[in-house]
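Novice: One letter stands for each residue in the lines below.
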Amino acid sequence: MSIWEYANPRKFMATSGALLPWVSGLAALVLSVSLIWGFFFTPDDFRQGSTVKIIYLHVPAAIMATSVWFMMLVTSLIWIIRRHHVSVLAAKAAAPIGMVFTLIGLFTGAVWGQPMWGTWWEWDPRLTAFLILFLFYLGYMALWEAVENPDAAADLTSVLCLVGTVFAVISRYALLFWNQGLHQGASLSLDAEENVADVFAYPLWTAIAGFFLLFLALVLYRTRTEIRARRLKALIQRERTA
Amino acid sequence: MPDLGAYAVEVLSAYAVTLLLLAALVGASIWKARRVLRQLRDAEARRASSK
Amino acid sequence: MKGLLLRDLSLAVRAGGGFGLGLAFFLIVTVLMPFGIGPETPILSKIAPGILWIGALLACLLSLDRIFALDWEDGSLELLATSPLPFEAVAAIKALAHWLTTGLPLVAAAPVLGVILNLPGQGFFWLITSLALGTPALSAIGTFGAALTVGVRRGGLLLSLLVLPLYIPTLIFGAEVARRGAEDLDPATPLAMLAGLTLATLAAMPFAAAAALRVNLR
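Protein chains in written order, with numbering that gives the first Met the number 0: chain A, 0 to 241; chain B, 0 to 50; chain C, 0 to 217.
Please note that a few of the clues may not be correct.
[To be verified] DSS-like cross-link-like pairs, simulated, lysine-lysine; straight-line CA separation at most 25 Å:
id: 1; chain 1: B; residue 1: Lys31; chain 2: A; residue 2: Lys10
id: 2; chain 1: B; residue 1: Lys31; chain 2: A; residue 2: Lys232
id: 3; chain 1: A; residue 1: Lys10; chain 2: A; residue 2: Lys232
id: 4; chain 1: B; residue 1: Lys50; chain 2: A; residue 2: Lys232
[Stated by the list, open to error] Some chain A residues close to chain B (C-beta under 8 Å, calculated; not the full set):
id: 5; residue: Thr50
id: 6; residue: Lys52
id: 7; residue: Ile96
id: 8; residue: Tyr220
id: 9; residue: Arg221
id: 10; residue: Leu234
Just so you know, these hints were derived from the structure itself, not from any lab.
In this text the structure is predicted, and so the values were computed from the model without any measurement.
Idealized CB from N, CA, C, for every residue including glycine.
Please model the complete structure; the sequences and the hints are all you need to start from.
Specialist: Here you go:
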């Protein structure tokens with residue numbers, strides 16, 4: 000059984016419909032467990048005090064924000080190459096999720112930064128890259144809304160996703176150059192996972208899993224809606240020309 | 000509630016905003032899903048009755 | 000190809016063609032800055048390279064939708080699609096025309112505006128150089144954005160939303176060259192980055208723009 004079977008909308012709807020209750024339930028469970036664990040049952044950090052608790056929100060959101068864009072890139076490529084509607088509709092469905100994760104990353108990053116750096120915003124390459132990623136999400140979503148013809152919208156947004164990704168990678172290096180000079184280490188990194196003690200690492204990994212499952216549930220759910228919306232559009236089109 | 004010390008505002012607002020945004024995302028997704036499903040069912044019904 | 004270029008150039012220069020509007024916008028935006036920032040010379044002098052770069056970038060942005068809009072509206076874009084000229088070449092020529100009628104005049108105007116922003120003397124050469132090197136990239140990237148949104152009615156704001164994030168690396172390196180020049184530091188590294196970026200976008204963007212145009216012309 001190959002994954003390409005799910006390119007068939009009917010098969011996708013059937014399978015996703017069966018999976019969704021389980022994925023959603025698991026997501027709710029893992030997310031709540033991880034956040035309750037992190038918030039109530041972990042100690043404060045020596046240097047960062049209780050703000051270390053923000054790590055269970057910020058790091059998973061940040062990881063998912065970039066992962067979702069990467070997923071959109073892959074599904075857009077599949078659309079361009081193999082013309083599977085389910086694939087591009089999954090990209091369309093994923094965008095608002097990624098955008099919200101980026102927003103969460105930005106807000107929690109800023110709020111964590113205030114006690115650490117003394118300011119709400121810092122033009123740190125990582126935070127700035129996130130701001131740019133947020134703009135990319137907005138642009139992608141706006142283009143979908145602006146183009147009338149669904150297949151044209153799918154093609155144009157896929158090209159945008161591709162080009163955007165290339166520029167996002169270029170921007171990463173440009174930003175490092177802009178704020179810290181090339182090849183200097185990121186001294187203001189908040190994602191220092193290398194030396195995170197186990198007592199923080201375990202709930203953090205659980206939170207990452209929780210955010211991932213939440214994404215999975217939401218993207219399955221939203222893709223189903225997009226498939227239905229596409230069919231709705233086709234029916235209304237037929238009514239108009241009948 | 001654990002003693003959040005000096006950083007109570009930051010930590011609580013981080014959690015509050017995150018949960019709010021996630022709730023809004025889930026809520027909007029459900030709302031759109033219901034709306035589309037309803038409209039689709041209506042359109043399918045119109046198509047079936049006009050045949 | 001030359002015919003297409005000359006046609007676009009003459010269209011732009013004719014009355015109603017938009018030539019000069021970009022320049023006027025650049026002037027207005029630059030003049031507006033001290034009103035927002037305050038007239039203190041040392042501050043203006045320090046941020047002049049950045050202001051000029053952003054002003055030039057915005058002036059480029061505002062003339063982007065003209066690249067394809069007129070041809071789209073009267074159907075000549077479809078005609079161009081059937082011509083023996085590859086669509087990638089059409090996109091490249093359009094970008095070139097945009098640069099000649101918008102980017103290049105901005106490069107010429109920048110030093111004059113630098114004077115009213117108290118740009119330090121040593122900064123002028125590097126300002127002109129960075130703009131000369133960077134504005135072609137802005138035209139190329141902008142042509143791609145224009146191709147994406149050519150079918151969208153009143154898509155100007157959408158075009159800005161799509162293109163401005165793509166402009167960021169060019170802006171970072173271009174402004175850095177200008178700033179280092181103004182502060183008498185060595186601009187070699189950002190200059191090399193800027194040159195690389197421009198060459199890469201000139202090579203790649205016509206293909207992306209042509210792909211977008213084909214989708215829109217279906």
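Novice: Next, verify each hint and record whether it holds.
Specialist: Comparing the hints with the structure gives:
Annotation: proposed proximity of Lys31 of chain B to Lys10 of chain A holds, straight-line Cα distance about 22 Å (limit 25 Å). Distance check on the hinted pair: Lys31 of chain B and Lys232 of chain A sit about 14 Å apart at the alpha-carbon level, within 25 Å; holds. A C-alpha spacing of about 20 Å is found between Lys10 of chain A and Lys232 of chain A, which places the hinted pair at or below 25 Å, so the restraint holds. Using a Cα cut-off of 25 Å, the hinted pair Lys50 of chain B and Lys232 of chain A holds, with the two alpha carbons roughly 19 Å apart.
At about 5 Å, the closest approach between the beta carbon of Thr50 of chain A and any beta carbon in chain B falls short of 8 Å, and the interface hint on this residue holds. A distance limit of 8 Å between C-beta atoms decides the matter here; for Lys52 of chain A the minimum to chain B is near 5 Å, and the interface restraint holds. Hint on Ile96 of chain A holds. Least Cβ distance to chain B is approximately 7 Å, under the 8 Å limit. Annotation: interface hint on Tyr220 of chain A holds; nearest CB of chain B at approximately 6 Å, less than 8 Å.
Evaluation of the Arg221 of chain A hint against chain B yields a held restraint, the C-beta minimum of about 5 Å falling below 8 Å. Against a cut-off of 8 Å between C-beta atoms, the interface hint on Leu234 of chain A holds, since the closest Cβ of chain B lies about 4 Å away.
Checked against the numbered hints given earlier, this structure breaks none of them.
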